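Chains as they are written, first to last, in the working numbering: chain A, 1 to 725; chain B, 1001 to 1084.
There may be inaccurate statements among the hints.
What the hints assert, rightly or not - Here are the computed lysine-lysine pairs in the DSSO-like style, where the Cα-Cα straight-line distance is at most 30 Å:
1. B:1065 with A:660
2. B:1065 with A:134
3. A:152 with B:1065
Unchecked claim - Listed below are several chain A residues computed to face chain B (Cβ distance under 7 Å; list not exhaustive):
4. 250
5. 254
6. 255
7. 504
8. 506
9. 508
Claimed, not checked - Stretch by stretch, here's where chain A covers chain B in the computed footprint (C-beta under 8 Å, at least three residues):
10. 1029-1039
11. 1058-1065
12. 1068-1077
None of these hints come from the bench; they were simulated from the model. Bear in mind that the values here come from a model prediction, so they are computed numbers and not experimental data. Glycine residues also receive a C-beta, built at the ideal position from the N, C-alpha and C atoms.
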Amino acid sequence: MKDKRLTIALAGNPNSGKTTVFNAITGARQHVGNYPGVTVEKKTGSTTHGDVRLDVVDLPGTYSLTAYSIEEVVTRNFLLDEKPDVVVDIVDSSNLERNLYLATQLMELGVPLVLAFNMSDVAASRGYNIDEEKLSELLGVPIVNTVGHKGKGISELLDAALVVAGKTASKQRYPNYGGEIEPHLLQLTELVEQKCSRQRSRWFAIKLLENDAETIKRLGQVCPEHIEELTLEAERIRKHIESVCGDAAEIIFADRRYGFISGACTEAVTQSVERRHERSDKIDAVMTNRYLGLPIFAILMFLVFQLTFSVGNPVVDAFDGWKGDLAGAVSGLWGESGADSVLRSLLVDGIIEGVGAVMVFTPLIMLLFLAIAFLEDSGYMARAAFVIDRLMHKIGLHGKSFIPMLIGFGCTVPGIMATRTLETRRDRITTILVLPLMSCGARMPIYVLILGAFFPERVFKVLGIYNVTNQALWLFAIYAIGIALAIVCAKIFRATLLKGEATPFVMELPPYRMPTIKGLAIHMWERTWLYIKKAGTIILAIVVVLWALAYWPKLGEEKLGVFEQQRAVVQAEKQADAEQIAERLEEIDNAEHEAKLEHSAIGRVGKTIAPVFRPCGFDWKISTATIGAFAAKEVFVGQMGVIYSVGEEADEESEPLREKLAAKYTPLIGFCIMLFSLISMPCMVTVAVTVREAGWRWALLQVGYLTVLAWVLTTIVYQVGSRLV
Amino acid sequence: MNDRNNNSLPTIPLAMTLVGQTVTFAGVRNAGRGLTHRLAEMGLAPGENLEIINRGPGPFIVSVKGSRFVLGRGMVHRILVRPE
Ligand SMILES: Nc1nc2c(ncn2[C@@H]2O[C@H](COP(=O)(O)OP(=O)(O)O)[C@@H](O)[C@H]2O)c(=O)[nH]1
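Could you build all of it, start to finish, from the sequences and the hints given here?
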C-alpha cells in the first residue's frame, strides 16, 4: 500500500449540511480542537479512500470570504496559509444561487475545488431540475450530487476530490466584472504580480479594490515596501469605479458575482415552481405570528423543561440507586475492619460520592442537550430570535443575541463562543456579560438535588389533561428569574458602560427541517461527552482534593474516646427500650461526624468564610460548597456529597444525600441555594473563555457583578423569607 | 443595470410596506460601508426584488433570491424600497 496523504477542506454555508457530510466522510474518527489563537472550533477527521489517506478539515460555516466575522477570517487564512490539496464546497442545491456565492469566491481564490450539491433530494422534491454536467462546464468545476444524511454520493465525491487534488485549477472559471472594471482589475492584478505575489494575484487585486483590511495587512507583511503604492492605486481605481457605476466597488463586485451565478443557473437549471419555502412559510405563519409567536415560544421552552424533568428524573433516581449499590459493594471489600481505611474513604466517600453525585445527572443533561439540538436542527432557533427581537430591542440588543443565550441554557461556554455571530463589540460584550444568567445545564444537578430534597413531587393537571409537576414549575421559575435579571442587567450595561445605538439585525432564516435521529444523536452526544469528560477529569481532581481536606487532620484519640464513652453509657442503660437507645446512638454518631468535619481542614476554612454567607442563610458547609462551585457548577453537588459522607461509619446504611439535606435545612434555605447558584460567579471555564473573547477586564467585571448581585439578592430573600415563614 | 439608481420613483422605508408586497431594494439610510457590503453579499443589492413574507412585532421576514431573511426592527426603518 502506498501511503499517499491528502488534505481535504470542507467549506460551505451554514445549514448546507456540511457537518452531516463531514460525519458521513469521517465516521467516528474525529478530533475537535481550536484554530490557533481564536476559539473557533476546528474539527478534523480522517479516512482512507482507495489507497489514499485523507485528512478532512471542517471549516467554519460561512456565506462568503469577506473578513466580516472571525469565521470568515479563519476560513480564508486556512485556505491561504495551509493550502489544502482540495476544497470541497458543500452547496445546498435547493437554494442554489445563494450558496454558489461562496463558490464564486473560492473560484476566484483559485483553490482546487469540487462542489458537492447536497440536499439533492430536497432540490428534486421541490421541482428543481439541475443539469449538473452543463453547470459544471459553465463553472469549470466538478459537481457531485450528495444526500448527506443518507451517505449518498459521498464515495463519488471523494473520487472527484482525488482527481482534482493538488492540480492547478486551470479550467476553473470566475466572474467577469464587465467592461468598466475588468481592464482596471487586470492592471492592478499585474501590479500585484510584479510587486508582491505571483500567486492568487487576481484575488488580492479584487480584495484591494474591496478595501479589505485583512488583505492589506497580509500584503503589507509580504511586501512592506510596495504596499503603499498598491493601496494608493487601488484607491484611485475604486474612486473611478464608483464614479462610473454609481456604487461602491465592493457592491458592484457582489452584484456581478450574483449576476455570474444567475447567468449560469438560467442555462443549467429549470424550475417547475418556487416551492422551497412553501411549507416553511406555512409553519412560519403560525410560529412567527405577531400575537402567537411569543406564547408559542414560552410554551416550547416550558415543554423542554417539563420533558427533561419528567423523563429524566426516574432515570436519575435509578442511577442514584446504582451509585449507592456501588458504594456499598466497594465498601464491602474491606469488611468490618474497613472503617478506618484511608483508601476506602477515598474511593467511597471521595470518588464515588463526589464524582458519582455529578455523574448521576448525565441523563438530565443529555435530555436538555437533545432538546436544544432539536431546536437548532429544526430551524426553530432562528425563529426564536425573530419572535424575541422586539423584547431584545427594549434592552438595547437585538434578536440575534438571543441565540447565544438559548445555547447558554445548555452550557455558557459555547454560548459565549456563539456571540461571535454578533457584529458589534458592544452587543457581544453585553451578551457575554449577562450570559451566565442563562441557567446552564451544569446548574441543573443543584436544582434537582434541592427540589428533590425540599419540594416533594406533586402532579397536577392543567386544562384537565396535561400533567405538570410542581418541580417543573419551580425550575421554570428559576430560569425565568435568570432571564429577568439578564434583561435588567443588559439594560443597565447598555445605558452605562456600553452605550450606543442598536446595531442592524439581519439574519437568514433556514427552512424548517425534520431533524434526523443521527444528527440529533451526534449533537447531543458531543456536548454530553464534554460533561462526562469534565466529571472524569477536572471534577475528579477537585473532589479528591476536597475529600483530602475533609479527611485530614483527623480528630484526636481522646476526643474520639469521648464519643465512645457516651456510646458505652447509652448502651449500658438498662431501663430504656431498644428504639430509644438506637435513636440516641444515632445522635451521638451525628455529633461525632460533625466534630470530625469541623476539625478537618475544610471545616476550618468553611468556618472562616461562613460569616460572609450567614446573611444568606448558609452554614459553613454550604459556604464551602458554594466556593467549590467556582471550579464547575456541578461541584456543589459533589462537594455536598463528600461533606455528608466523610466520617460516616462504613457499614452504616447510607441514606441518600437529599434526605440528609431535608433533615438539616429548610425549604427557604434550599431556595436560597438555588438562587445563589443561579446568579453567583460563573465557573472557571466561563471566566477563561470570557477573558479570551472579551479581555480580562470584562471578565473581572462579570465575576464581580454577578457575585455581588447573588449575595445581595439571596440575602434579601432569606432575611425577608425567614421573617415571613 | 446602470440606471437603477436614477430611477425616478420615490422610495419609502421598508417598514411602510405590507405583507405580500413585492418591492425593489434601493438602499439603506445612514449605512456604513460594512453594512451595505454585507447586505450586497447576501443578495440585497440595489435593484434587487424583495417580497415581504411576514411582519412580526417589529422585525420583518423578507424573501430575497429564494432565501428568507429576518430584518430587525431598526433595519426596517432604515431600508429604503421602491414599490413596484
Ligand atoms: N433532506 C436532506 N437533509 C440533509 C441533507 N444533509 C443534511 N441534512 C440535514 O440538514 C440539517 C442541517 O445539517 P448540518 O450538517 O447540521 O448543517 P451545517 O450547518 O451545514 O453543518 C440536519 O438536520 C441534517 O440532517 C441532505 O442531503 N438532505
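Hint check results:
1. Distance check on the hinted pair: residue 1065 of chain B and residue 660 of chain A sit about 63 Å apart at the alpha-carbon level, beyond 30 Å; violated.
2. Taking the CA atoms of residue 1065 of chain B and residue 134 of chain A, the gap is near 22 Å; set against the 30 Å cutoff, the hint holds.
3. In summary, the hint linking residue 152 of chain A to residue 1065 of chain B is supported, as the alpha carbons are separated by about 28 Å, within the 30 Å threshold.
4. Look at residue 250 of chain A: its Cβ gets to within about 5 Å of chain B, closer than 7 Å, so that hint holds up.
5. Annotation: interface hint on residue 254 of chain A holds; nearest CB of chain B at approximately 4 Å, less than 7 Å.
6. The interface hint given for residue 255 of chain A is met, as the beta carbon of that residue sits about 4 Å from the closest beta carbon of chain B, less than 7 Å.
7. Checking residue 504 of chain A against chain B: minimum C-beta separation of about 5 Å stays under 7 Å; hint holds.
8. Given hint, residue 506 of chain A at the interface with chain B, holds; its Cβ is 6 Å from that chain's nearest Cβ, closer than 7 Å.
9. For residue 508 of chain A, the interface hint holds, since its Cβ comes within 7 Å of a Cβ in chain B; the closest pair sits about 6 Å apart.
10. Counting residues of the segment 1029-1039 of chain B whose C-beta lies closer than 8 Å to any C-beta of chain A gives 8; at least three are required, and the coverage claim holds.
11. With a cut-off of 8 Å between beta carbons, the segment 1058-1065 of chain B has 5 residues touching chain A; three or more are needed, and the interface restraint holds.
12. Counting residues of the segment 1068-1077 of chain B whose CB falls under 8 Å from any CB of chain A gives 8; the rule of at least 3 is met.
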